[in-house]
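2 protein chains.
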Amino acid sequence: MGNVYLALVHYPVYNKHLEVVTTSVTNLDIHDIARSSRTYGIKNYFIVHPSPTMKQLIGKVIDFWQEGYGATYNPDRQEAFSIVKLVDSLEDVLDYIEKKEGQKPYTISTDARIYPNTVSYNFLRNKIKEETAPYLLLFGTGWGLTREVMESTSYILEPIYGPADYNHLSVRSAVAIILDRLLGESWFAK
Amino acid sequence: MGNVYLALVHYPVYNKHLEVVTTSVTNLDIHDIARSSRTYGIKNYFIVHPSPTMKQLIGKVIDFWQEGYGATYNPDRQEAFSIVKLVDSLEDVLDYIEKKEGQKPYTISTDARIYPNTVSYNFLRNKIKEETAPYLLLFGTGWGLTREVMESTSYILEPIYGPADYNHLSVRSAVAIILDRLLGESWFAK
Chain A
0 MGNVYLALVH YPVYNKHLEV VTTSVTNLDI HDIARSSRTY GIKNYFIVHP
50 SPTMKQLIGK VIDFWQEGYG ATYNPDRQEA FSIVKLVDSL EDVLDYIEKK
100 EGQKPYTIST DARIYPNTVS YNFLRNKIKE ETAPYLLLFG TGWGLTREVM
150 ESTSYILEPI YGPADYNHLS VRSAVAIILD RLLGESWFAK
Chain B
0 MGNVYLALVH YPVYNKHLEV VTTSVTNLDI HDIARSSRTY GIKNYFIVHP
50 SPTMKQLIGK VIDFWQEGYG ATYNPDRQEA FSIVKLVDSL EDVLDYIEKK
100 EGQKPYTIST DARIYPNTVS YNFLRNKIKE ETAPYLLLFG TGWGLTREVM
150 ESTSYILEPI YGPADYNHLS VRSAVAIILD RLLGESWFAK
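So the sequence lines, in the order shown, correspond to chains A and B. With the first letter of the first sequence counted as 1, position 149 gets the number 148 in numbering that gives the first Met the number 0; the numbers rise by one all the way through. With the first letter of the second sequence counted as 1, position 14 gets the number 13 in numbering that gives the first Met the number 0; the numbers rise by one all the way through.
Here chain A stands alone, though its shape is the one from the complex (with noise of 0.2 Å):
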């Protein structure tokens, strides 16, 4: 099924103004996220942000679900939050990986436009079924990852394209209906 991280990356993005920012953690964020990634069976889900006080406010927020009353009321939730990891940066999702699993990540991004390394959902759904390296998939907040931290990346995946003109999907959207490309059921075939 797969050796597949997440990360959703709060700094460095853009802007509206393509100025580089840090964007604040949404809760919603955490926890359809968490959800989307226990159900298609990512191995971590990391919230990539500096700030010491943002990460001490959503900690209090996956301890509530965790060891709070919450986990008694949802342990749907307490288990979608096992997976979680609070970090500073994205050099520290890589060493954590690179540590767990003994070989860095391949990354995984999307964009808008088209670069040389751009794949299909199609060739990377293969890739990953039958690799056992481990795969990162990025995702930015705001108006998404910096030039620097897409060139970096080992593939880019198409743009999500309905039949409509417009495109502007949630994050959280985005990253169910990714998930669901890359390693959900082969509903298409039956």
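It cannot be assumed that every hint is accurate.
[As the list claims (entries may be wrong)] Pairs of lysine-lysine, BS3-like flavour, derived with a Cα cap of 30 Å:
hint, chain 1, residue 1, chain 2, residue 2
1, A, Lys189, B, Lys42
2, A, Lys98, A, Lys84
3, B, Lys128, B, Lys98
4, B, Lys98, A, Lys128
5, B, Lys59, B, Lys98
6, B, Lys103, B, Lys128
7, A, Lys54, A, Lys42
8, A, Lys84, A, Lys42
9, B, Lys59, B, Lys84
10, B, Lys189, B, Lys128
11, A, Lys128, A, Lys99
12, B, Lys98, B, Lys84
13, A, Lys189, B, Lys54
14, A, Lys84, A, Lys15
15, A, Lys42, B, Lys189
16, B, Lys84, A, Lys15
17, A, Lys189, B, Lys126
18, A, Lys84, A, Lys59
19, B, Lys128, A, Lys189
20, A, Lys84, A, Lys103
21, A, Lys84, A, Lys128
22, B, Lys189, A, Lys126
23, A, Lys84, B, Lys15
24, A, Lys15, B, Lys59
25, A, Lys189, B, Lys189
26, A, Lys126, A, Lys42
27, B, Lys128, A, Lys42
28, B, Lys189, A, Lys103
29, B, Lys128, B, Lys84
30, A, Lys84, A, Lys54
31, B, Lys54, B, Lys15
32, A, Lys59, B, Lys98
33, B, Lys99, B, Lys84
34, B, Lys126, A, Lys15
[Unchecked claim] To list a few chain A residues with every Cβ distance to chain B over 10 Å, as calculated:
hint, residue
35, Glu129
36, Ala132
37, Val148
38, Met149
39, Val174
These aren't lab readings, by the way, just hints derived from the structure by calculation. Glycine included, C-beta positions come from ideal geometry on N, C-alpha and C.
Given the structure of chain A, go ahead and fit chain B onto it with the hints provided.
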């Protein structure tokens, strides 16, 4: 590209104890599902809630992005919200579509259990593509749509399976994945 509508139902739905309740509207359900709906060419996204006060509140959020500062700040959001409609009941949704289309829609839902009218994603994807008849996707909040509503639907989609033994997606994520499976490009054939 199909003739598809979507409704998010806040009444009648179950709570954790299988009691029939009315749920509150979650702000990000308005945003995320409007954006996913617009991306996948959904004609209208109905938010079904019986309370006038709650609808007034949602109306204010929508107005902000449709006509207020939000419309200038983020025109993409304005466009997504242009397909949102607030209605009192599921009957109102059906009446609205019948008036507009000249025929009642086929209704579609999802459930963890298998019914006599359970169908595959592939089956429904082809049907929607081939036909001009209207379809209405129903999503429940809380612990899901009541049995009466489930039993009244034309088709019930199989549950979404990931490779893991866990299946607790948020309604926002489930909507995104189901729209991609039913209406997305044929990424799997590329």
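Hint numbers the structure violates, sorted upward? 4, 13, 27, 32, 34 and 39
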